[in-house]
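Peer 1: With chain V held as given, fit chain Y onto it using these hints.
Number of protein chains: 2
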Amino acid sequence: MINAVGREIPEEVLKATGKEPFKGVYAYDNYEYTKAAPTVRTLNDPTRSKLVENIHDALVKCGIKDGMVLSFHHHFREGDYVVNMVMEEVHKMGIKDITICASSLGKAHDPIVPYIEDGTITGIQSSGVRGKIGEAISTGRLKNLAIMRSHGGRVRAIESGEVHIDIAFIGAPTCDEYGNMRANGGKSDCGVLSYAMVDAQYADKVVAVTDCLVPFPNIPASISMVDVDYVCIVDEIGNPAKIATGAAKPTTDVRKIMMADYCTKFVVNTPYFKEGFSYQTGVGGASIASTISLGKIMEERGIHMGLGLGGITTPMCELLAKGLVNKLVDTQDFDQGAIESIKTNPNHFEISASEYANPFNKGAYVNKLDFVILASLEVDVNFNCNVVVGSDGMITGAQGGHPDTAAGAKCTIVIAPLLQGRIPAICTNVTTVTTPGESVDVVITDYGIAINPRRQDLIECMKDVDLPFCTIEELRDKAYAMVGTPDPVQFDDRIVGVIEARDGTIIDVVRKIKDYEFTTDVE
Amino acid sequence: MINAVGREIPEEVLKATGKEPFKGVYAYDNYEYTKAAPTVRTLNDPTRSKLVENIHDALVKCGIKDGMVLSFHHHFREGDYVVNMVMEEVHKMGIKDITICASSLGKAHDPIVPYIEDGTITGIQSSGVRGKIGEAISTGRLKNLAIMRSHGGRVRAIESGEVHIDIAFIGAPTCDEYGNMRANGGKSDCGVLSYAMVDAQYADKVVAVTDCLVPFPNIPASISMVDVDYVCIVDEIGNPAKIATGAAKPTTDVRKIMMADYCTKFVVNTPYFKEGFSYQTGVGGASIASTISLGKIMEERGIHMGLGLGGITTPMCELLAKGLVNKLVDTQDFDQGAIESIKTNPNHFEISASEYANPFNKGAYVNKLDFVILASLEVDVNFNCNVVVGSDGMITGAQGGHPDTAAGAKCTIVIAPLLQGRIPAICTNVTTVTTPGESVDVVITDYGIAINPRRQDLIECMKDVDLPFCTIEELRDKAYAMVGTPDPVQFDDRIVGVIEARDGTIIDVVRKIKDYEFTTDVE
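Residue numbers (the working numbering), protein chains in the order written: chain V, 1 to 523; chain Y, 1 to 523.
What you were told as hints is all true, and nothing was included just to trick you.
If several chains are the same, the list does not tell them apart, and a pair holds so long as it fits within one copy or across any two.
Quick list of in silico lysine to aspartate or glutamate cross-link-like pairs, EDC-like style, CA-CA up to 16 Å:
id, residue 1, residue 2
1, K61, E32
2, K23, D45
3, K92, D57
4, K410, D45
5, K65, D97
The hints are simulated quantities; they were obtained by calculation from the structure and are not laboratory data.
With the rest of the complex left out, here is chain V (with noise of 0.2 Å):
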């Protein structure tokens, strides 16, 4: 069946999945549907404790067994030993067949790939992958459809019971014996506990994994002990210095700077631009650059931005010190100014990634967004943009809040060099389908920039800004002209994952790679 942003999804894909294809960014808006729960055990009598020995221990006491569903967060993002340590012990418990239910996955995982092979894990839903667990799926290693979701999508999967979590290990910086977690006070701080929370919620059994005990009562707690069975306490959770990074340098890649203030100008010219305006930004380095050269115009104006939202680096943290950025709504650390800027500046807040994102519950911070400024591996000329399959067809990135903030925002900008290299980031069909143009309004290039004809209004308010104005057509017949039309990636009719839009609809399916095949026209 063609889907509203013309894939195909094969119609076993949907029936093996039960899932629908895709429909259009808001067509499960007003969509009634009745919660999942788990299933949980009371703890009433005051003399039990949650202590546990090791991971062995909370893996037995949990119940562990073939099937099962575990959870994991990406907080500790490419430092995190958690998942590594879990999957390590029902290894060598001789458990198959577990689904990994992540927020994220990355490098940080690749010695998990051993695992995949032997039957261990036989499913992975992530928002993501990075490096060989990317490259297990791209080859038709796993056994199992991987499932790919935005954080908003992972969200709503769990509370509609798309995925029921069997066990969650929730890795916490500091954790007391009763399970209260916070995302600060340890030896591996990461700001936020967000993208578990959802988790630790609906997950039939929890394990805090902690390397840092504290006093009762660790709060004002991230995640509370009410949700939390067990506590464990292991030698480090994490790498610190992968955890966080420090700040992130200014770019000094002049392309990136150009679209930096290209997507400034653009920003300042549309009627959100106002006192109060709210405002999203990636760690690209031209997001980066974008949001230093409009801290400068907001400065120069004396515009204060009402809300800073998602995952929040430190030049955002310095507009907030600065009193440019009134609160800050945070989801991510992505380094240790941020990290620091939570724990210190009152108006920097954690929320949950239901709070963020999720688009199945009663409103959700990306609805209020005004701007969002988002990078691209692919822009095809509908505006539909891939941020998870390479253009060489590997999956090696993910789709974190990009369709979520995408749909939530009134003006949603997509930054992408022209050419990645020798790859032409705007064609004419992305290799796979991530977020909808529909939801798309302008993408910004080195070489000019178009705004998505679905937006006459932002047309018009453009009409007499001094920028490079193009049709996107126009701006892939640059790329083609410059390194030729590319060949399309050669794939196998075996589907290994299918992208989830975030309302659980199939917006694209991910084939296996197969070996290149030289065309020729020699006989």
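Peer 2: Chain Y alone, transformed into the frame defined by chain V:
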């Protein structure tokens, strides 16, 4: 069937309610159950508003109909306007057969008694009732059985699906247009919104009712927008003068001061009185006096309270401000001092009612109590307490956190004057059992102190302590010697209410009061 506190629970009540008879305080420890879940509607179209015109509009949009369950919180105490304004509108609309599920009801709600009489309201579930609603229930004017639950028991009932809330109306001192609610910052501050948190999470529809709309986002939110369907702005949600009284003046009643001194002497001679101990007390004169006298000893000996829990009054906040308490963990603010403290003292925290006392979560704060100091209308020779039904048989009080804290605390102390006027507080059988004697350790009266024989360890501790110890039977006998053996209250056969134990079993029933018939030996 006779339950574990020796009360006859008629089969027809067990059958009608589907409940079990009470089996003991920890009978449901480690009990497995699947949580309930609401049926909700998504809001992901950013253009939709949650604002409604008025209560009528909110009711219509929520699909109000006969037989629904509406819920309310009692943080505005005797100053609450929300229950009455909603029920007046429900009545005007001709809706019938509503069950009110409130965290508590009081004299402020006397105006809804006519709606009980005309069938608008046919069910009441509450911690307790005071005033005319209590009379209406006790005199048989409510159609269905009233259900009285502890604060923890209410959360359990909602989370386990024993009661399903169709529409929650949550009064909020401040709220933004997307439903983020806070207990402070408006004209009717109430300090915390702890009891309403479970309503927001488990009701199908949630309406925020506020008299102070503030800019988005109103954070940190006590109740998040993600659970809120509609926001209704009204003129006044309550009478600030009755929401928060001034700080309670220390009692000058020598009898209360004596009991408070006994209590403090008992506390400091237990092994639990040591650095970092945890403590909760009520709002009665003797309780407050014991907090003050305990504070003096803490100061003398350099012992700090690690945790002060529950409903908070100014004397506890003063200990916090002096540095004698490390953390105050708050579910209700009883006076202006407490409301000010939580706004300004970073070691004064709001928690949910589930975190406070829910016996069916994975561990509540009450489990961590060393001491709780409680009051009681009646205590019997089995240490059973009655805090709901007056000795005249009229429902006039509330369970509150009484059974929750008693079950959790290592040392549960009940302070009661031997006589309440001409009524013995210590008796052979309490009119109604609301807290089982199994979880009551000590009874302190102005005529002596009885330790529960189950607590031989405490009896041993106190053997050299100079306090007027005696048996509970001796206390009862003293009381009866002074005022005579009381006549049993004359009840009708009809059962008008059930007292739920915190685990949802029936600990006692409440019968309709009979018109008093004089007994006479004269023929």
